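Enquirer: The lines below spell out each chain.
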Amino acid sequence: MTDWRWFYKVRLRLRTLLRRDQVERELDEEFRYHLDQRMEQEIARGLAREDARRVAVRAMEGVEQKKEECRDMRRVNFIETLLQDLRYAFRGLRKSPGFAAVAVTTLTLGIGASMAILTVVNSVLLRSLPFPDANRLLVLFATSPARGVYRDSTSFPDFLDWKGQSQVFTGVAAYRRDRFNVTGGGAPEPIVGLRASHELFKVLRVSPALGRGFDKEEQEGKIPVAVISQGLWMRRFGGDPGVLDKGILLDDVRHSIIGVLPQGFQFPSFTDTDIVVPIPENPSRSRGYLFAVARLKPGERVTTAQRELDSIAERLEQAFPLTNRGRGVNAVPLQRVVVGDVRTPLLVLMGAAFFVLLIGCANVGSLVLVRGVARRRELALRSALGAGAGRLVRQLLTESSVLALLAALLGSAVAFWGSEQLVASLSQRFALPTVTFEWPLLAAAVLIATLSGVLCGLPPALMVWKSHLSDSLKEGSRSQAGGRTENRLRSLLVTCETAFTVILIVGAGLLLKSFVLLQQTDLGLNPRNVLMADLLLSKRYADSQRREIFLREMLESVGGLPGVQQVAVHTDPPFLGGGARETFRVEGHPDPGPRQGHVSAFNVVSSGFFGAMGIPINRGRGFDQRDTPAGAPVAIVNKTMARQFWPDADPVGKRIRLYYDRDPQHWLSIVGVAGDVRYRARDVETIPQVFVPYQQNPYRFLPYPQQPFVSLVVRTAADPANLITAVQARIWAVNKDQPISNIQTMEHALSLSVANRRVYVLLLSVFAAIALLMATAGIYGLISYAVARRTQEMGIRVALGATVGQILTLIIRQGMLLTLIGVVIGIAGSLVLTKVISGLLYGITPTDTPTFIGTALLFIAVAFFATYIPARRAATIDPTVALRFE
Amino acid sequence: MSKPTDLVQGTLDLLLLKILALEPLHAWAVSQRLKQVSGDVLQVSDGSLYPALHKLEQEGWVTAEWKVTENGRRAKFYSLTRPGRRALERESANWERLSGAISRVVRLSEV
Chain A
541 MTDWRWFYKV
551 RLRLRTLLRR
561 DQVERELDEE
571 FRYHLDQRME
581 QEIARGLARE
591 DARRVAVRAM
601 EGVEQKKEEC
611 RDMRRVNFIE
621 TLLQDLRYAF
631 RGLRKSPGFA
641 AVAVTTLTLG
651 IGASMAILTV
661 VNSVLLRSLP
671 FPDANRLLVL
681 FATSPARGVY
691 RDSTSFPDFL
701 DWKGQSQVFT
711 GVAAYRRDRF
721 NVTGGGAPEP
731 IVGLRASHEL
741 FKVLRVSPAL
751 GRGFDKEEQE
761 GKIPVAVISQ
771 GLWMRRFGGD
781 PGVLDKGILL
791 DDVRHSIIGV
801 LPQGFQFPSF
811 TDTDIVVPIP
821 ENPSRSRGYL
831 FAVARLKPGE
841 RVTTAQRELD
851 SIAERLEQAF
861 PLTNRGRGVN
871 AVPLQRVVVG
881 DVRTPLLVLM
891 GAAFFVLLIG
901 CANVGSLVLV
911 RGVARRRELA
921 LRSALGAGAG
931 RLVRQLLTES
941 SVLALLAALL
951 GSAVAFWGSE
961 QLVASLSQRF
971 ALPTVTFEWP
981 LLAAAVLIAT
991 LSGVLCGLPP
1001 ALMVWKSHLS
1011 DSLKEGSRSQ
1021 AGGRTENRLR
1031 SLLVTCETAF
1041 TVILIVGAGL
1051 LLKSFVLLQQ
1061 TDLGLNPRNV
1071 LMADLLLSKR
1081 YADSQRREIF
1091 LREMLESVGG
1101 LPGVQQVAVH
1111 TDPPFLGGGA
1121 RETFRVEGHP
1131 DPGPRQGHVS
1141 AFNVVSSGFF
1151 GAMGIPINRG
1161 RGFDQRDTPA
1171 GAPVAIVNKT
1181 MARQFWPDAD
1191 PVGKRIRLYY
1201 DRDPQHWLSI
1211 VGVAGDVRYR
1221 ARDVETIPQV
1231 FVPYQQNPYR
1241 FLPYPQQPFV
1251 SLVVRTAADP
1261 ANLITAVQAR
1271 IWAVNKDQPI
1281 SNIQTMEHAL
1291 SLSVANRRVY
1301 VLLLSVFAAI
1311 ALLMATAGIY
1321 GLISYAVARR
1331 TQEMGIRVAL
1341 GATVGQILTL
1351 IIRQGMLLTL
1361 IGVVIGIAGS
1371 LVLTKVISGL
1381 LYGITPTDTP
1391 TFIGTALLFI
1401 AVAFFATYIP
1411 ARRAATIDPT
1421 VALRFE
Chain B
1412 MSKPTDLVQG
1422 TLDLLLLKIL
1432 ALEPLHAWAV
1442 SQRLKQVSGD
1452 VLQVSDGSLY
1462 PALHKLEQEG
1472 WVTAEWKVTE
1482 NGRRAKFYSL
1492 TRPGRRALER
1502 ESANWERLSG
1512 AISRVVRLSE
1522 V
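Protein sequences appear in the order of chains A and B.
Residues 541 to 1426 (this note's numbering) are what the first sequence spells out, left to right.
Residues 1412 to 1522 (this note's numbering) are what the second sequence spells out, left to right.
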């Protein structure tokens, strides 16, 4: 059955839109015809002409209203109406520029803030990684649940088993990030890249832009091969297409270049990946040195993969109890791995920004209400002329939406600038993708704006809906009359603003307090006047004697600089996250096995280390010239470790053994106890730490032959930043090919380690300040307005003998009552919401009482002043002026 | 209790469709016919007729054209469309069923 209705419908809609005048004329004519006929009928019954007209019109029950109802039936009305409303809106705004400016500014702040955060969230959390079907990529970590370790590296044999026994993946590849020295043909260059198994390219579905990736034979082969990045290709080979025949010196070993990576290749995160070389295959199951990346088959889920990996891990536990007991696998989506650290803070900031937007909306809504009162009579008139309530509501909503859209336009500019700043500040620590402004975001801006427009326009519109407008037409022009509904609504809005603001201030306050506490934590070392630099040593220094000579020469040379007090090298630079870990057993305690052994931080240090770092030796001695390769193997432990393992005894003289030490009889005697150091970052608790002397050949602990890495520490007499070039020159004087990276003062590294926290604190404080400002303005506006409306009443009260104090009390009580209700709601809301940021807090709980009380007091104090000023004005008014006030 | 002349919700559409099914009419004539046929029991105010007719038109159930009336003036004549005729059949059947059911219930209570 064909339905022809659409045919009639479309024709009518088009006609209404395109031939509007004619349609309107016809409507008039139809009604006129009716009225004329009715009049004739009544005249025929004997009525006078005028009476007949009156009867005819009354019988219609409102000619204009009925016409309007007919127009509403046309359905396309909204387009016409919209244009009309837009015209009204712009005219209205032009007439009250002050209102428009305040409203637009308020909304701009709200929309701009939410947009900026949304832009960053979009770029960082939502946009998929630059690999085909990137949402199917998982990173597989080893776990030791008993020790609370969930993102551990795994061994090569375990990787092969994960890969071989799983069915849910199309491919699994092993990788490990590493540093390399590029030398030969130009300045030495430290780069970061990947060691990976040959499956990597297939799993990521990335094919080299030039040449090819390596295969299984090349991975196991004797001839080193490398795939280089576009950047490295440009920098060192000038983009020469003949690069494939050439070689590149990586850590003094010639690698044949077999391919060039596509532009912008970065793995696993948004950081430089300048080279990919085959990963060495260490046959030991106890040597964890790699991670795996896997691609799920289409249709398979992460949970399925996790279950399968769990059963594989279980089989491995049974087959290799010595190395695999207590070991599991953790499959985490790659996206999660990459953005994990910034996820919660960004979401919190987004919530805060939306709060600011809501507060802005409440403020503007309240402003619109005030205007609405002035326009009551205008609206009543419109209603009398045939505008239905729905039509009036729509007009009010259009008006506020126009405000909001203007604000969105300005807000987008704010957002664009703001998001760049935000990413720039976050990127100091984490390499984030650059933020680009995209069309969907513009759409989001328009959506947010429209929503806020509706939110702002809703209160006055609701009022129109509810109130009997005809009453206001009859109502005298005296300003005291009416307005109760508005006052209630505005009070409600101000209370909401207050509640939201209190929540924001509590959140900001908690973060701020955490930050202050963090700055006050005792690091356990002295970061002032220390210079640090990272040196990846050339391969020829894998030979311990040559290395010994180079390091001694370098330490002497740098130590000889004027202004240098102490120099040392070590292997674990502080405040960088991560860090080296070793497992050990304690003599006299039962042997837990290498995979279950106690874990400690591990640092190989030269004798000047403790002095240069400013770490105190609390017991025993530091390292000195006795601790040579020939001397007795020794170690120093930190206080935490001493307390944990020898709570009642002197640890000096006790012995421990590192599991990775090839020699099972190689027990280290503890010769000293060092002070605890917040080594990873200010907010990371100290864990047990083992120091061993540099001269006692630490490199047997490495998973495979690798370049020795050292970090240089220089304690200076004055500002260490001034010595950077001099230190570099001294190092190059010893070896001109030695690359130097991350040369910086320790204070700088330290501030970087809390850079993100600083950004969150700053932003949340800014949001809270804006919110406080808006809420204060809201309270002030409400009270001033209420006072202005009651000017006459105040005049009468004063004339009848009310004192200034009584009037003040009267008005302030009104303001403070609202404030208190809002504060109570806000505190209650905070108790619930601050749990979300508990992970970002340091040293305090999310329900920190002083912060809550402080916030309440701060807000009450500010609100008091916001009510006091208008109250004061009312109380000091001259009654003769007040009584005449209209 | 509601006033006896109140129209059951939605029945105005049915009445209008039925009246227009007999012959094309302009709105004034429709209002006269409605009074005449129902013997003043069904009172539809002059004004309410128009939104109702315009709705039917927009729904595509009736279509309108301007013609000259017997007294020589132009008026908007509404006539039923094919979908309108089907809608009328559907609505009439519904109405029969409903009113039949209601009558039965009413009679039942009188026994």
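Honestly, I wouldn't trust all of these hints.
In silico lysine to any residue, SDA-like type, Cα no more than 20 angstroms apart, as pairs [claimed, not checked]:
| hint | chain 1 | residue 1 | chain 2 | residue 2 |
| --- | --- | --- | --- | --- |
| 1 | B | K1446 | A | G1394 |
| 2 | B | K1466 | A | K703 |
| 3 | B | K1487 | A | E566 |
| 4 | A | K549 | A | M613 |
| 5 | B | K1478 | A | D568 |
| 6 | B | K1487 | A | V1372 |
| 7 | A | K703 | A | R745 |
| 8 | A | K762 | A | G711 |
| 9 | A | K549 | B | L1445 |
| 10 | B | K1466 | B | E1481 |
| 11 | B | K1466 | A | E601 |
| 12 | B | K1446 | B | L1426 |
| 13 | A | K1053 | A | D755 |
| 14 | B | K1466 | A | K1053 |
| 15 | A | K1079 | A | L898 |
| 16 | B | K1487 | A | K762 |
| 17 | A | K549 | B | S1456 |
| 18 | B | K1466 | B | V1479 |
| 19 | A | K786 | A | R745 |
| 20 | A | K1375 | A | G1394 |
Residues from chain A shown here face chain B by an in silico Cβ test under 8 angstroms; the list is partial [what the hints assert, rightly or not]:
| hint | residue |
| --- | --- |
| 21 | R545 |
| 22 | K549 |
| 23 | L552 |
| 24 | R555 |
| 25 | R578 |
| 26 | Y690 |
In short, the hints are calculated from the structure, not lab data.
Here the structure is a predicted model, which means the values were calculated and not measured.
For glycine and all other residues, C-beta sits at the position ideal for the given N, C-alpha and C.
Enquirer: Against this structure, judge whether each hint is valid.
Expert: Structure-based check of all given hints:
no. : hint                : in the structure
1   : B:K1446 <-> A:G1394 : violated, 76 angstroms
2   : B:K1466 <-> A:K703  : violated, 68 angstroms
3   : B:K1487 <-> A:E566  : holds, 8 angstroms
4   : A:K549 <-> A:M613   : holds, 12 angstroms
5   : B:K1478 <-> A:D568  : holds, 16 angstroms
6   : B:K1487 <-> A:V1372 : violated, 65 angstroms
7   : A:K703 <-> A:R745   : holds, 17 angstroms
8   : A:K762 <-> A:G711   : violated, 25 angstroms
9   : A:K549 <-> B:L1445  : violated, 26 angstroms
10  : B:K1466 <-> B:E1481 : violated, 26 angstroms
11  : B:K1466 <-> A:E601  : holds, 18 angstroms
12  : B:K1446 <-> B:L1426 : holds, 11 angstroms
13  : A:K1053 <-> A:D755  : violated, 54 angstroms
14  : B:K1466 <-> A:K1053 : violated, 65 angstroms
15  : A:K1079 <-> A:L898  : violated, 60 angstroms
16  : B:K1487 <-> A:K762  : violated, 96 angstroms
17  : A:K549 <-> B:S1456  : violated, 27 angstroms
18  : B:K1466 <-> B:V1479 : violated, 23 angstroms
19  : A:K786 <-> A:R745   : violated, 26 angstroms
20  : A:K1375 <-> A:G1394 : holds, 18 angstroms
21  : R545                : holds, 3 angstroms
22  : K549                : holds, 5 angstroms
23  : L552                : holds, 6 angstroms
24  : R555                : violated, 11 angstroms
25  : R578                : holds, 7 angstroms
26  : Y690                : violated, 63 angstroms
Going through the hint list in order, the structure does not satisfy hints 1, 2, 6, 8, 9, 10, 13, 14, 15, 16, 17, 18, 19, 24, 26.
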